[in-house]
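Protein chains in written order, with this note's numbering: chain A, 1 to 506; chain B, 1 to 192.
Fair warning: there could be bad hints in the mix.
Okay, derived cross-link-like pairs now, DSSO-like style, lysine-lysine, Cα gap no bigger than 27 Å in a straight line [stated by the list, open to error]:
hint	chain 1	residue 1	chain 2	residue 2
1	B	K126	A	K60
2	A	K186	A	K478
3	B	K150	A	K60
4	B	K83	B	K150
5	A	K206	B	K126
6	B	K62	A	K60
7	B	K150	A	K75
8	A	K60	B	K173
9	A	K69	B	K62
10	A	K478	A	K412
11	A	K60	B	K83
12	A	K206	B	K83
By construction, these hints were calculated from the structure, which means they are not laboratory data. Predicted, not measured: the structure shown is a model, and the values here were computed from it.
Here's the letter readout for the chains.
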Amino acid sequence: MVGNGNHPLNDSHYDEFTLEEYVLGQLLPDEEQAIRQHLAVCFSCRTMAAEIESFCRRVKNELERELDKAEPSPKLSFDAISGGWNKPPHRLSFSFRLQQFVPNIPFAVMIALLVVAFMVILPGADATTMRNLAVARSYDGPPVMVAAVSEYGLVLLSLDNGRSQIVTQLDEITMPRQLQFAPDGKWVAFQQGGTLHVVEVRSAGKHFRVAVEEAANWTWSPDGQALAYTDGNGQLVVFDVDSQTNRVLAPVQEDAWGIPVWSSDSHQIAFAAQQGIWRVILASGYRVEVARNPRPNELLLAPAAWLNNDSTLLVWNVTQDGQTSALYQVEINSHRLQRVEGDSVGQGTQLIWPINAQDITLVVRQNQLWTVNLGDDEAYAMPSEMPWPQAVQWSSNGAWMAYAATGQAEGKGLFLFSPQEGTIHAIELPEGAIEKSVYWAGVEHLFVLRQPTTADNDSNSDICELWLVSLTTGEPPKRILTNVSLPRPYTGWRWTDVLAVQYVSQ
Amino acid sequence: MDDVPLIERAQGGDERAARQLFDAYQLRTYRLALGLLGDTSDAEEVAQDALTYALLNIQRYKCELSSFSTWLHTITVSRARDKRRRKLLPSISLAQWLGMGNQIRDHQPGPEAYTMQREVEGGLNKALSQLSPKLREAIVLRFYADCTYKEMGEIMGCSLNTARSRLRLAIEKLRAQLGDEQVRWLATETIR
């Protein structure tokens with residue numbers, strides 16, 4: 001078949017795409033008329049059109065036959081909607097709600113009555129003080145910002161200069177996800193439901209709300225000036241905190257997803273798309289494909305980190321069977337995808353064993369832990385007695401890895417590992433709680449998130465605590481914060497949904 | 001059916017109107033999700049999710065921009081994409097993973113197993129399951145939901161021309177996959 005769409009080439013035949021459009025009724029009336037006239041005299045095109053038409057009819061018939069007989073089970077119900085109908089965010093207009101209660105009183109009168117009622121009923125200003133989150137009165141650690149979930153919402157704290165201070169409290173935030181401070185501690189981002197919140201960390205600071213889908217992911221630029229996020233709908237967007245504007249870097253069609261990864265100079269962002277990995281250059285907005293997924297039906301590739309002065313990208317396979325994940329390195333210029341020996345561990349869209357400042361990370365090889373330098377491929381087996389890490393954080397200079405280990409007794413789950421020396425140090429904390437997560441504050445202090453055990457010593461409680469550990473002064477660990485609320489369990493929840501700590505270098 | 005009065009009542013907070021909308025749209029939303037995903041339990045989850053989101057956020061719907069069904073289809077397609085993606089992501093919690101000594105197996109079938117599991121007897125179903133998700137969306141929206149190219153573009157988040165290209169490519173792939181079987185189907189259709 002030949003032709004270019006509107007008219008048959010050399011007055012012979014229409015191409016099958018044009019005939020498809022004709023069959024699907026997508027042509028303009030005069031084009032349709034021309035084809036109809038041609039079909040009347042051309043057996044070949046008529047045969048082709050009939051074949052396409054019967055094929056389309058078959059697709060339509062079979063789809064309808066298959067789907068129209070399908071009935072959902074009673075599980076599909078209005079109950080979930082009914083349950084949420086009267087809860088915030090308020091879908092009912094205020095006047096509508098009032099009219100439900102007292103339909104015969106004019107709206108203005110009701111407002112006046114309500115104002116009087118509030119003035120009488122409302123208690124003093126101290127009624128909003130936190131009744132459950134307990135903060136240590138004195139604090140002699142490094143300057144940090146803390147975001148913690150309390151029974152009365154999200155609390156932002158500043159710990160500095162020998163004192164702890166509540167910066168602000170966000171009552172409406174009771175189930176945040178992915179609490180993440182900007183590197184300078186001036187902003188914090190988190191998600192609750194279908195909203196991404198970006199909050200300035202100071203009293204009465206700015207608070208921006210961006211509508212996203214639940215699958216949204218984000219990360220702050222290394223310079224703390226911008227937040228890059230995939231909105232769960234396929235867009236990659238950058239929110240600039242100075243200008244407070246959103247800039248779309250990849251439209252919905254790109255199907256960007258997962259956590260965007262900033263280059264160290266904040267000039268580029270790597271992101272996952274439907275077919276592979278891309279990078280976008282912020283200055284120009286140009287998008288460049290870094291690597292095409294070689295086996296799209298088997299691998300789900302996502303970027304993890306920039307390496308070698310941003311000349312290489314570490315990529316991991318998110319899909320692998322719920323277990324360890326394969327790692328790959330991609331050279332930015334040659335687009336060569338090369339497998340790294342050993343596997344890492346991911347949860348959801350996040351690789352949970354991070355890469356340190358010297359491009360070193362943990363991998364598993366034949367059930368043994370190794371450290372591997374991704375820059376020169378040098379790898380060392382970890383001490384066999386090393387407990388399996390649950391939460392890992394590298395010190396800013398990459399010299400030490402602090403981690404909370406799984407399956408340890410109370411107070412015995414915190415470890416320090418030095419890859420250069422190949423040594424491992426256990427740090428003991430008081431009994432009564434299990435170590436769950438760890439955060440560096442400078443190179444001399446650690447914060448440890450601990451979950452107290454309950455009185456029956458069997459199950460963990462629904463709160464957790466933050467402890468400060470000094471690595472150089474020899475002072476005993478000190479409890480800084482307690483009664484941090486744990487969420488009701490849901491699939492895929494992380495400790496970053498409960499608490500975040502950001503060291504504020506001076 | 002003119003849904004505008006019902007939608008306006010629901011936007012004003014009338015729960016009964018929302019329930020009527022649910023009743024009116026639940027079947028077609030479920031069936032669209034089933035067409036997109038090919039799995040009844042996934043389709044139910046997506047349909048419930050899409051209807052819940054749409055009705056609890058009905059204030060966001062602007063009738064001057066699109067029809068309610070187009071808006072609901074857009075949400076359904078988006079939720080179906082999320083569902084597909086989540087199935088590819090490991091969903092087991094870290095604590096569970098570590099607690100089981102790194103010996104755990106994912107209980108969800110892997111992509112290959114999933115594809116095999118979805119290989120149903122019907123030739124068209126089998127061919128549909130081998131299409132990429134976006135091409136499948138194009139087929140289902142066009143041939144089941146009877147969407148125009150413009151509506152397909154709105155729902156799939158792409159231009160009209162991209163929607164057209166996807167449908168063309170999808171038809172081409174289906175025809176190539178079905179091949180001889182189409183001839184047999186034509187024969188049976190002729191006999192009928």
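Cross-check of the supplied hints:
| no. | hint | verdict |
| --- | --- | --- |
| 1 | K126(B) / K60(A) | holds (15 Å) |
| 2 | K186(A) / K478(A) | holds (26 Å) |
| 3 | K150(B) / K60(A) | holds (19 Å) |
| 4 | K83(B) / K150(B) | holds (25 Å) |
| 5 | K206(A) / K126(B) | violated (53 Å) |
| 6 | K62(B) / K60(A) | violated (30 Å) |
| 7 | K150(B) / K75(A) | violated (33 Å) |
| 8 | K60(A) / K173(B) | holds (16 Å) |
| 9 | K69(A) / K62(B) | violated (32 Å) |
| 10 | K478(A) / K412(A) | holds (15 Å) |
| 11 | K60(A) / K83(B) | holds (25 Å) |
| 12 | K206(A) / K83(B) | violated (34 Å) |
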